[in-house]
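Asker: Okay, here's what each chain looks like letter by letter:
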Amino acid sequence: MSADTPRPVVRVSGLRKSFGEREVLRGIDVEVQAGEVVCVIGPSGSGKSTLLRCVNLLEQPTSGTVEVLGAEVTDPDVDIDRVRTHVGMVFQQFNLFSHRSVLDNCTMAQRTVLRRSRAEAEQVALANLERVGLADRAHAVPAQLSGGQQQRVAIARALSMDPQLMLFDEPTSALDPELVGDVLGVMRDLADAGMTMLVVTHEMAFAREVGDRVVFMDDGHVVEVGPAHQVIGAPREPRTQAFLQRVLDPTHRHDTSGTSPRV
Amino acid sequence: MSVDLSASAGRARMSPRRRARVARGVQYVVLLAVLGLLLATADWETVGQTIFNPTSAAQMLDRVPNAFLNTVTYTLAAFAVGLSLGTVLALMRLSSVAPYRWIATAYVEFFRGIPALLVVIAVGYAVPIAFGVAFTSIVAVAAIALGAVAAAYISETVRAGIEAVPRGQVEAARSLGMSHTRTMVQVVLPQAFRTVMPPLTNEVLLLTKDTSLLFVLGQTREQFELTKVGRDALSTASGGLTGLFVIGAAYLLITIPLGILARRLERRTGGRP
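As given, the protein sequences belong to chains A and B, one line each in that order. 1 is the number of the first residue of the first sequence in our numbering; add one for each residue after it. 264 is the number of the first residue of the second sequence in our numbering; add one for each residue after it.
Okay, chain A solo, but in the shape it has when bound (with noise of 0.2 Å):
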């Protein structure tokens, strides 16, 4: 990247998703800055992680253009396997590969890929292992780990390719209660590290304190984009609030009459 003036990490404008007749994504503008935390909030089936998944072109957008890492990803010839080297993504599901050692995980991509050596790969994926905790289930088998232990090993797996974006896809939503808070301090720790993040979360806590900016999306547009405590804690249009009540204030009776939020 050369650039006088920073050229942002991940740049979306104009995007636009389709499945069929349904349309996921209305047009949406979204940029990340080197370094910066931003975190995408919104009701469910508001198209948050659909945005995500077109920052890696794991969904084919519709119309629109995203860049990252001064690759324009939505031209049909980008080497689309070469950006994604360096962009690393972390699932609702974990997605470990079930067959594979803990190690095998996170030394696969690095050999096949970036062709390094078994005995280079096996210590970058150990170093990360540690960063998460877990250098000492390097040699365990995935369904052998709780949820958040994997989802702490798909971060290390990540990690492993020495990302320059990280894309975490509600990385704790399918976690029981008490092991979302393992996960959400590895992230922490990345994001204090320096590591540029998109991340699609309902944890409003963790947007706010290790967010910079919050993206709040609902029916496939952009409603609201501000500073993490600005948009949770003051947010300015109704849509947002109404959201963040329900999700901060779930027990509260609802005024369902007036501008009600959709459910």
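These are calculated hints, taken from the structure and not from any lab test. Where a beta carbon is used, it is the ideal one built from N, C-alpha and C, also for glycine. Treat the hints loosely; a few may be bogus.
Stretch by stretch, here's where chain A covers chain B in the computed footprint (C-beta under 8 Å, at least three residues) [what the hints assert, rightly or not]:
no., segment
1, 329-340
2, 393-399
3, 441-448
So these bits of chain A aren't anywhere near chain B, every CB distance computed over 12 Å [said to hold, decoys possible]:
no., residue
4, S18
5, R100
6, A154
7, D169
Chain A is fixed; fit chain B onto it per the hints.
Answerer: Coordinates of chain B only, in the frame set by chain A:
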């Protein structure tokens, strides 16, 4: 009106627990009755002479080990071809290139539909005439003919296995920068084969028995497989049906260890997440 559901109120009818006990008792009685009937009505002297005749068994025994080895060899050759070709067909079936899909579908429909015996005859006699080649070894014919048939079934099994691999596994591999092919080889196929281990074991067992079809090729003595040896023993009067039972036992000697091996392999390759 309230309903009285206490045990005493139900006395008039039998409780489900007692009914189940009676039903189990009846099943045991039926089993014992059938066994007793078989034992009582069979003519044991004749059975000893014609079905479990030790001298007759001893006569053929020296020919069994070679036939056993041949059966195993033919099976392995056919399975090697069946598994490789079957995997290729499965991948073709899932290809984004339409003609590959058509070819694979046509192949599967064709070879699933015609009897294996016809294929063996065709490869053994028609192909040499058509292409001017001569198969010197029966192993080659076994591999081609039985392998071609097995490939049709195996491809469907493998395809089901590939489709059963969770989408997330592919997405995880692709998000790490692995190419489509690499993902297939390192992530999808290993998991697919683990899933289809039980039906794949079935394929091997079926193949083992299908090697008996090779008799139509006219084998030399050294090429005899188990069933051929059994049929020969049948026609050498004295022992009656004994030969068939010896051969049956020999087949079980292949298939049962294979079943155990497959179960062990399945366990060793680990569970799902």
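Asker: Going by Cβ atoms, does D169 (chain A) stay more than 12 Å from chain B at every point?
Answerer: Given a closest Cβ separation of 10 Å, the condition is violated.
Asker: Just to make sure I understand the rule, a stretch counts as covered if three or more of its residues have a C-beta closer than 8 Å to a C-beta of the chain. Does the segment 441-448 of chain B meet that for chain A?
Answerer: holds (count 3)
Asker: According to the definition I'm using, a residue is off the interface if its beta carbon is farther than 12 Å from all beta carbons of the partner; does R100 (chain A) meet that for chain B?
Answerer: Violated, since 8 Å does not exceed 12 Å.
Asker: Are 3 or more residues of the segment 393-399 of chain B near chain A, judged by a Cβ distance of less than 8 Å?
Answerer: violated (count 0)
Asker: Over 12 Å to the closest beta carbon of chain B is the bar; see if S18 (chain A) clears it.
Answerer: holds, 20 Å
Asker: Decide, holds or violated, for the assertion that all CB atoms of chain B are farther than 12 Å from the CB of A154 (chain A).
Answerer: violated, 8 Å
Asker: Cut-off 8 Å, C-beta pairs, minimum 3 residues; does the coverage of the segment 329-340 of chain B by chain A stand?
Answerer: violated (count 0)
Against the hints set out earlier in the document, violations occur for numbers 1, 2, 5, 6 and 7.
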